[in-house]
Every structure is written in C-alpha cells, then in structure tokens.
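Student: All chains, please: the whole structure from these sequences, using the hints.
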Amino acid sequence: MKEGSTLHRKPNFLMLVADQHRADCLGCAGQFPVKTPHLDRLAERGVRFENAFTPLPVCAPARQAMLCGENPDSYGAFWNFGFFAAASLSPKGYWPEALANSGYQTAFLGKWSASEDFGPTDFGYQTFVSMQDYEAFCREKYPNRKRPNWFGHTSELPLEHSKTHFLAGHAARFIEEFAKSDAPWHIRVDYTDPHLPCEPSEPFASMYNPADIPPWPGVGDTFEGKPYIQKQQLYSWGIEDMTWADWQPAVARYYAMVSQIDDSIGLMLAALERTGQLENTVILYTADHGDMCGSHGMLDKHYVLFDDVVRVPMIWAGPNIVPGRLENKFVSCGLDLPATINDLLGISAPQGQGASMAPLLAGQDVPWRTEITASSNGQQFGFFNQRMIRDQRYKYIWNLTDVDEFYDLLHDPGEKQNLIYAPEHKERVASMRRKLLATLREQKDLLVRSGWLDRQLAENKKI
1 MKEGSTLHRK PNFLMLVADQ HRADCLGCAG QFPVKTPHLD RLAERGVRFE
51 NAFTPLPVCA PARQAMLCGE NPDSYGAFWN FGFFAAASLS PKGYWPEALA
101 NSGYQTAFLG KWSASEDFGP TDFGYQTFVS MQDYEAFCRE KYPNRKRPNW
151 FGHTSELPLE HSKTHFLAGH AARFIEEFAK SDAPWHIRVD YTDPHLPCEP
201 SEPFASMYNP ADIPPWPGVG DTFEGKPYIQ KQQLYSWGIE DMTWADWQPA
251 VARYYAMVSQ IDDSIGLMLA ALERTGQLEN TVILYTADHG DMCGSHGMLD
301 KHYVLFDDVV RVPMIWAGPN IVPGRLENKF VSCGLDLPAT INDLLGISAP
351 QGQGASMAPL LAGQDVPWRT EITASSNGQQ FGFFNQRMIR DQRYKYIWNL
401 TDVDEFYDLL HDPGEKQNLI YAPEHKERVA SMRRKLLATL REQKDLLVRS
451 GWLDRQLAEN KKI
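Once you know that position 375 of the sequence shown is 375 in the working numbering, the rest is easy, because the numbers rise by one and skip nothing.
Hints in this document: simulated from the structure, not taken from any laboratory.
All values reported here derive from a predicted model rather than from experimental measurement.
Using N, Cα and C, we set each Cβ at its ideal position, and we do this for glycine too.
A couple of the hints might just be wrong.
Stated by the list, open to error - The following label-pair restraints were derived from C-beta to C-beta distances: (1) E424 - S206: 21 to 31 Å; (2) P210 - N460: 42 to 52 Å; (3) E176 - N460: 35 to 45 Å; (4) R9 - P323: 15 to 25 Å; (5) R9 - V322: 14 to 24 Å.
What the hints assert, rightly or not - Restricting the straight-line Cα-Cα distance to at most 30 Å, the calculated cross-link-like pairs of lysine-lysine (DSS-like) are: (6) K435 - K462; (7) K35 - K416; (8) K329 - K444; (9) K444 - K92; (10) K35 - K329; (11) K426 - K231; (12) K462 - K444.
Tutor: Here's what the structure looks like:
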C-alpha cells in the first residue's frame with residue numbers, strides 16, 4: 001500500500017506486550033509520576049481498561065494464554081520453562097496462523113516464550129526477530145558491556161541500541177515495508193522490559209530522582225496473619241533488611257524503563273503516521289503481568305497474587321473502537337484476547353475460554369463478568385499453589401497449603417491486612433469460595449478435577 005492511499009479492506013494489527021509492567025505505572029492512570037506520553041495519546045484515541053488482569057503472573061503461561069485463550073492451569077502450564085517440567089503449546093491454528101492464512105503479512109519481534117518446542121514461525125509468523133538477534137548485535141558492537149545485578153544500572157548503550165529501540169526500529173521498518181503491499185499486516189512486539197534488571201539508557205536513566213519516588217500502597221507490610229512464604233520470599237532473595245530508601249533507586253530505574261518503552265512506541269506510531277496507516281491499524285498495548293518492585297518489600301512476582309503483579313495495563317485503539325473511554329469491567333489479557341481478535345479482524349480461530357472485548361471496545365453496554373480470577377503455582381523457591389477471585393471491592397485468595405487471604409480493597413488498597421478470620425466477612429468469604437470453585441471448574445483447573453480439594457471451597461472447610 002503506497003503512502004496516503006486508501007485504507008485496507010481489513011485493519012492492520014499492531015500488538016505490543018511488555019514484560020512486568022504494572023497497571024498503575026502509566027501517566028494516564030494518574031497514580032504515580034511516570035511519564036508515558038505516547039501511551040497516554042493512545043488511550044485518548046481508544047479504550048483503557050483499568051481492570052485488566054493476567055490469568056497467571058509468570059511470563060510463559062501468560063503468553064501461552066494470549067495465543068490459545070485457555071486457563072494455563074487447565075493443561076499444566078504452571079510456570080516458566082527451565083525449572084521444572086511444564087506444558088507447552090503446539091501449533092493448532094491459533095489466531096496468528098489464521099491471520100497469515102487469511103492473507104495477513106506477519107512478523108514477531110522480541111521475547112518468545114509461548115512454546116518451548118516451537119517458535120513464532122511455527123505459529124503463523126512469517127518473520128521473526130529474536131532477542132538472540134539482539135544479543136548477537138550487542139556482542140559485536142559492545143563486547144565488554146557490563147551486566148547488572150537484579151536492581152539494575154544505567155546502560156552504557158546509546159538509546160538507539162537499547163533493547164526497546166532495537167525492537168521498535170525493526171518494527172517501524174516492517175511497518176514501512178508492509179505498507180507497500182495492499183495486504184493487511186500483523187506485527188507483534190514482545191519487550192523484555194521493564195522486567196528486572198532495569199537498564200535504562202540516557203536520557204531516561206536520569207529522568208527520575210529516586211528521592212522523589214513515592215511508596216507503593218503495599219509498602220510497610222508486617223506480614224502478620226499472612227502465609228509464611230510471603231515473608232520468606234524476602235529472605236530467599238536476601239532483601240529482608242531493605243528500606244524504602246534502598247528501593248527508590250531501583251524503582252526510579254523501573255519508571256525509566258517504562259518511559260523508554262513509551263518512547264520506542266513513539267517510533268512505531270510515527271511510522272504508522274508517515275505511511276498513512278494509523279487510522280486503519282488496531283493497536284493493543286498490554287503486559288504479561290506486573291512487578292512487585294519493592295511493594296511489600298518484595299522483588300519480582302512469585303508467591304503472591306497482589307494487584308501489583310496480577311493487574312496489567314491494557315489499551316486498545318483503532319477502527320471501530322470508541323475513543324477516550326475508561327472501562328472498569330474485568331477483562332483478561334490472556335483468556336479474552338483470541339475471541340477479541342477474531343471479532344476485530346474477521347477471522348475464526350480457536351478462542352478458548354474467554355469472551356470477546358469487541359462490544360466493550362465499541363462502547364456497548366453488554367452483560368459481563370463481575371469477578372476475575374488469577375493463579376500462581378510458585379517456582380524458583382518451591383511450589384506454592386494459589387487461586388484468586390476478585391470483585392470491585394474484595395479479593396479472596398485460596399492458598400492450598402497455608403492460611404487463606406481476604407482483602408477489603410476499598411479500605412486497604414495495598415493488601416496489607418488479611419481479614420480472612422474477620423467475623424464480619426465470614427459469609428462473604430464462604431460465598432467467594434463457592435464462586436471461585438465454580439469458575440475453576442469452568443476453566444478446567446487441574447487442581448479441582450479430582451474432588452480431593454473441593455471441600456475446602458464448596459463446604460468452607462478451611463482452617
């Protein structure tokens with residue numbers, strides 16, 4: 001398609017997935033002083049979901065769900081590859097393949113962890129620019145570059161050679177190349193940031209003063225009345241003595257990486273505008289999960305289902321999407337994605353267990369779920385199974401081998417006070433347990449298929 005020519009018959013689809021981006025770290029979210037002007041602009045052009053959740057806050061299971069729309073716990077995708085055996089997807093005609101078969105030009109750039117045995121080209125992507133390609137580029141240009149510890153450092157690489165801008169630069173070139181054809185296209189960019197360790201380049205590395213970084217709502221947790229593994233996580237990482245002042249430099253680098261991602265997105269948006277394709281391109285920005293980043297004194301994301309890690313940013317913009325809307329209905333960045341893509345792009349691929357967000361994107365008032373679920377199974381430091389159900393105010397977490405959790409998010413947004421034994425919530429806890437069991441059965445969660453554990457939820461038989 002030549003610059004300035006008429007629109008495609010079908011829209012293009014640009015999908016942008018961050019790794020460990022907290023939902024509250026967007027400028028347009030208005031909660032923390034993070035600068036994201038390009039994402040803010042995208043939100044003005046489309047719909048931002050303030051209650052988007054990951055089905056499982058670990059990289060590989062979350063990305064598998066984005067392809068198949070199935071609850072990862074229903075087929076054994078319990079954790080990342082490389083620690084213990086985990087299920088992995090095989091190509092089965094999922095939506096990228098359906099797009100390619102319907103005439104879309106396709107390219108995948110960045111982090112691939114949706115399958116251990118098959119790559120993007122097995123799933124319908126005609127071109128793949130991998131993180132191994134980036135590492136080869138860096139070995140040639142910067143053979144002696146420093147490697148950070150988990151808390152990050154300022155990168156010695158110039159911005160144009162950072163991971164974010166390496167991927168975005170390639171994506172912009174694909175946008176311009178694909179524009180020469182009348183065929184629609186789909187490009188997916190999976191960042192490895194702002195996953196720790198954060199290595200922002202200048203000018204972003206100096207953008208935020210650590211002393212000005214306000215604490216997350218979860219800072220100051222005493223862990224009283226909570227599962228043992230939460231406090232143990234601090235000792236397992238060796239960070240039990242860190243104060244908020246110790247965390248602020250790392251959080252400033254996290255902010256910087258979010259802003260750097262945003263800047264790289266600007267490169268792709270500029271390419272869309274140059275080629276006259278912006279108005280006919282569906283754009284999705286989301287993440288696989290969030291990041292503790294010092295909240296509750298924790299690092300990374302394991303052994304908890306706090307909103308810090310299960311709630312993610314989600315912004316949609318493009319044709320047939322009502323602009324400037326904030327939507328508070330519960331959506332899944334994994335389970336709901338295939339059905340939504342089917343509707344927006346006019347294909348018929350396996351859609352899994354989710355629901356299409358297309359009516360919400362069009363501004364329709366449709367019946368919708370009133371709760372959302374998420375799960376975790378532990379990993380690096382041992383197994384610890386958790387299942388969560390959350391509504392607009394309350395969150396219940398079923399910890400199969402330890403005390404359960406219950407939070408009143410209205411009065412305790414940081415989830416620091418476990419109210420599981422509060423008499424005034426006894427009936428509500430029992431009700432949410434039954435709702436959770438019903439949802440897990442619908443999602444074919446393997447933990448409830450035998451009946452051995454059901455009594456804890458169905459009959460409120462939990463100490």
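Student: Determine for every hint whether it applies to the structure shown.
Tutor: Structure-based check of all given hints:
1. E424 - S206: 21 to 31 Å: About 49 Å separates the Cβ atoms of E424 and S206, which means 21 to 31 Å is violated.
2. P210 - N460: 42 to 52 Å: holds, 46 Å
3. E176 - N460: 35 to 45 Å: Given a distance of about 60 Å, which is not inside 35 to 45 Å, the answer is violated.
4. R9 - P323: 15 to 25 Å: holds, 22 Å
5. R9 - V322: 14 to 24 Å: holds, 22 Å
6. K435 - K462: holds, 15 Å
7. K35 - K416: With Cα atoms ~28 Å apart, K35 and K416 stay inside 30 Å; holds.
8. K329 - K444: holds, 23 Å
9. K444 - K92: The given pair, whose Cα atoms are some 19 Å apart, holds under the 30 Å limit.
10. K35 - K329: Judged against 30 Å, a Cα distance of about 25 Å means the pair holds.
11. K426 - K231: holds, 26 Å
12. K462 - K444: holds, 22 Å
The structure does not agree with the numbered hints 1 and 3 stated previously, though it agrees with the rest.
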